[in-house]
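With chain S held as given, fit chain A onto it using these hints.
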Amino acid sequence: MYVIADDCGDFTDETYEWAMERMIQRGIRPMTSMQYLLELQRDSARVGTYEVVTDLVNKRGVPLELALPT
Amino acid sequence: MIKGVPAPDNTLLSSANHVLMMIDHQSQMAFAAKSIDPVMLRNNIALVAHAFAIFKSPLSSRLRSKNRSPVPYLMRLKRFISMPRSLIARLQTRGRIAASWTASINTGKTKSLWLEFGPQFELPVPRFRQSIKVSKCM
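In order, the protein sequence lines correspond to chains S and A. Residues in the first sequence are numbered from 5 upward in steps of one, following this note's numbering. Residues in the second sequence are numbered from 810 upward in steps of one, following this note's numbering.
Among the clues, some could well be false.
Some chain A residues judged to face chain S by a derived CB distance under 10 Å, without partners named [claimed, not checked]:
id	residue
1	Ile811
2	Leu821
3	Ala842
4	Asn852
SDA-like mimics (lysine to any residue), calculated; alpha carbons at most 25 Å apart, straight line [unchecked claim]:
id	chain 1	residue 1	chain 2	residue 2
5	A	Lys865	A	Thr820
6	A	Lys843	S	Thr36
7	S	Lys63	A	Leu829
8	A	Lys865	A	Ile811
9	A	Lys843	S	Met27
10	S	Lys63	A	Gln837
11	A	Lys865	S	Glu25
12	A	Lys865	S	Arg30
13	A	Lys843	A	Ala855
If you're looking for bench data, these hints aren't it; they were derived computationally from the structure. The beta-carbon is built from N, C-alpha and C at its ideal position, and this holds for glycine as well.
This is chain S alone, in the form it adopts within the complex (with noise of 0.2 Å):
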């Protein structure tokens, strides 16, 4: 069982990190949005999907300017 972490919202960051950590305890494989997209994908060789995947990407992951330091 995974759970996309960060597709989930708490009143708390308090709530928030125990309620995972709770899911933690039983077995749960935490990961993200961004990993499922690509592991989903796996590789780039598989061309079928690469496009698509790649304009995702580019539509909603975090851009690399905010992703930098300033």
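The following block gives chain A in isolation, referenced to the frame of chain S:
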């Protein structure tokens, strides 16, 4: 010690070995989430929704339907359904305990789209019949 083998690890997800479950999906409640920025949350969910569409993962989703019609949600969902799929609508609120559903999730092999509705709503079947096959599971 980790040993390298020329094969993917079996914990890796592929569209054939998992069912995407949306649990308690209530977009109108996003305002209350403080652990993540709502715009980021929305973007992440869009990312997963598109991934589900691209790789044709099976989906299980519960509609919050006590006093709301499921139609707007289904209309949005329809944008992500690019191929004919079978839709199994459970007409009970506690559908997660239905044996057929559990079996389907456990095998992870279904290509069905499972949606839960509250019993008080009629299924808006005709609108969706062209793209998805609807059957009922009580």
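So, going through the hints one by one against the coordinates:
1. For the restraint placing A:Ile811 at the interface with chain S, the shortest Cβ-Cβ distance is roughly 17 Å, beyond the 10 Å limit, so the hint is violated.
2. About 6 Å separates the beta-carbon of A:Leu821 from the nearest beta-carbon of chain S, less than 10 Å, and the hint is met.
3. The restraint placing A:Ala842 at the interface with chain S holds, with a minimum CB-CB distance near 3 Å, inside the 10 Å limit.
4. At about 5 Å, the closest approach between the beta carbon of A:Asn852 and any beta carbon in chain S falls short of 10 Å, and the interface hint on this residue holds.
5. Straight-line distance between C-alpha atoms of A:Lys865 and A:Thr820 comes to about 19 Å, which keeps the hinted pair within the 25 Å bound.
6. Of the pairs offered as hints, the one joining A:Lys843 and S:Thr36 holds, with about 18 Å between alpha carbons and a cut-off of 25 Å not exceeded.
7. A distance of roughly 22 Å separates the Cα atoms of S:Lys63 and A:Leu829; the hinted pair therefore holds under the 25 Å criterion.
8. With a C-alpha separation of about 32 Å, the suggested pairing of A:Lys865 with A:Ile811 is violated against the 25 Å cut-off.
9. A distance of roughly 20 Å separates the Cα atoms of A:Lys843 and S:Met27; the hinted pair therefore holds under the 25 Å criterion.
10. For the given pair, S:Lys63 sits about 23 Å from A:Gln837 by alpha-carbon distance, which is consistent with the 25 Å threshold.
11. For the proposed pair A:Lys865 and S:Glu25, the alpha carbon gap of about 30 Å is over 25 Å, so the pair is violated.
12. A C-alpha spacing of about 28 Å is found between A:Lys865 and S:Arg30, which places the hinted pair above 25 Å, so the restraint is violated.
13. About 19 Å separates the Cα atoms of A:Lys843 and A:Ala855, which keeps this hinted pair within 25 Å; it holds.
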